[in-house]
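> Given these sequences and hints, build the entire structure.
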Amino acid sequence: MKIIIIGCGKVGAYVAKQLLDSHHQVTIIERDQKRFEQVLQIFSQAEVLHGDGTSPILLEKCSVETANAVAYLTGKDEINLVGSTVAKFNYAVDRVVARVNNPKNEWLFNADMGVDSRVSQASLLASVIINEVNIESTATLLKLNDDENAIVEFVLSKGASVHGKTVKTINFPSDVVLISVHRQGQNIIPKGETVLLEGDHILAYTNSQNQEKLAQLFR
14 MKIIIIGCGK VGAYVAKQLL DSHHQVTIIE RDQKRFEQVL QIFSQAEVLH
64 GDGTSPILLE KCSVETANAV AYLTGKDEIN LVGSTVAKFN YAVDRVVARV
114 NNPKNEWLFN ADMGVDSRVS QASLLASVII NEVNIESTAT LLKLNDDENA
164 IVEFVLSKGA SVHGKTVKTI NFPSDVVLIS VHRQGQNIIP KGETVLLEGD
214 HILAYTNSQN QEKLAQLFR
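Numbering (our numbering), first residue to last: 14 to 232.
Honestly, the hints are just simulated from the structure, not real lab data.
Among the clues, some could well be false.
Unchecked claim - Pairwise CB distance ranges, derived in the manner of DEER restraints:
1) P186 x E73: 41 to 49 Å
2) Q38 x E206: 19 to 27 Å
3) I202 x K226: 21 to 29 Å
4) R196 x W120: 32 to 40 Å
Backbone N, C-alpha and C fix where the C-beta goes; we use that ideal spot for every residue, glycine too.
Laid out in structure tokens, this is it:
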């Protein structure tokens with residue numbers, strides 16, 4: 014997939030690395046000159062542009078209209094919100110993700126403003142703490158706008174019933190999509206023949222009703 018990241022601080026850099034490791038086509042836009050020069054050195058396999066990620070001229074330069082997703086991950090909410098609106102309504106980008114820095118601004122980041130999914134660090138931290146307490150070896154990494162669906166990380170426990178089984182032979186609950194398997198420093202895109210092993214960190218898209226069912230499979 015072609016994914017454009019605006020803002021390559023610590024958050025943006027982490028996301029960019031994960032996407033590149035999963036063999037996605039990544040374009041990075043960074044406004045700060047010094048940071049831009051650093052990003053050029055760090056991510057030689059990505060297209061890296063310097064400038065304002067809300068600028069139509071710069072967005073058109075990287076062919077934003079052909080992107081599968083755009084992620085506004087700067088440290089400024091106003092940039093992330095304006096950029097999301099431009100990407101969605103001016104260029105009809107399929108998926109727009111925006112970082113929310115100030116929890117008080119979270120309500121602004123909605124579909125009417127062009128945001129498909131928002132990531133609030135404060136809400137994310139609370140979700141991780143709550144879910145770590147309630148469900149062993151499980152953490153909610155991202156709740157989507159309706160709070161009914163989420164991207165959740167599971168750790169495959171010793172003695173889990175699905176250990177050693179291929180994905181296609183496991184009876185997963187409906188509406189569950191496995192996104193990736195992280196094993197010994199490598200990201201694996203799960204397919205039918207992928208074998209799940211003890212200690213695997215598994216990212217899955219699921220709803221709140223199926224989260225506990227998934228946790229039971231991986232325990």
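> All the hints need checking, so say for each whether the structure fits it.
So, going through the hints one by one against the coordinates:
no., hint, in the structure
1, P186 x E73: 41 to 49 Å, "holds, 42 Å"
2, Q38 x E206: 19 to 27 Å, "holds, 25 Å"
3, I202 x K226: 21 to 29 Å, "holds, 23 Å"
4, R196 x W120: 32 to 40 Å, "holds, 39 Å"
Comparing the model with each numbered hint stated earlier shows that all of them hold.
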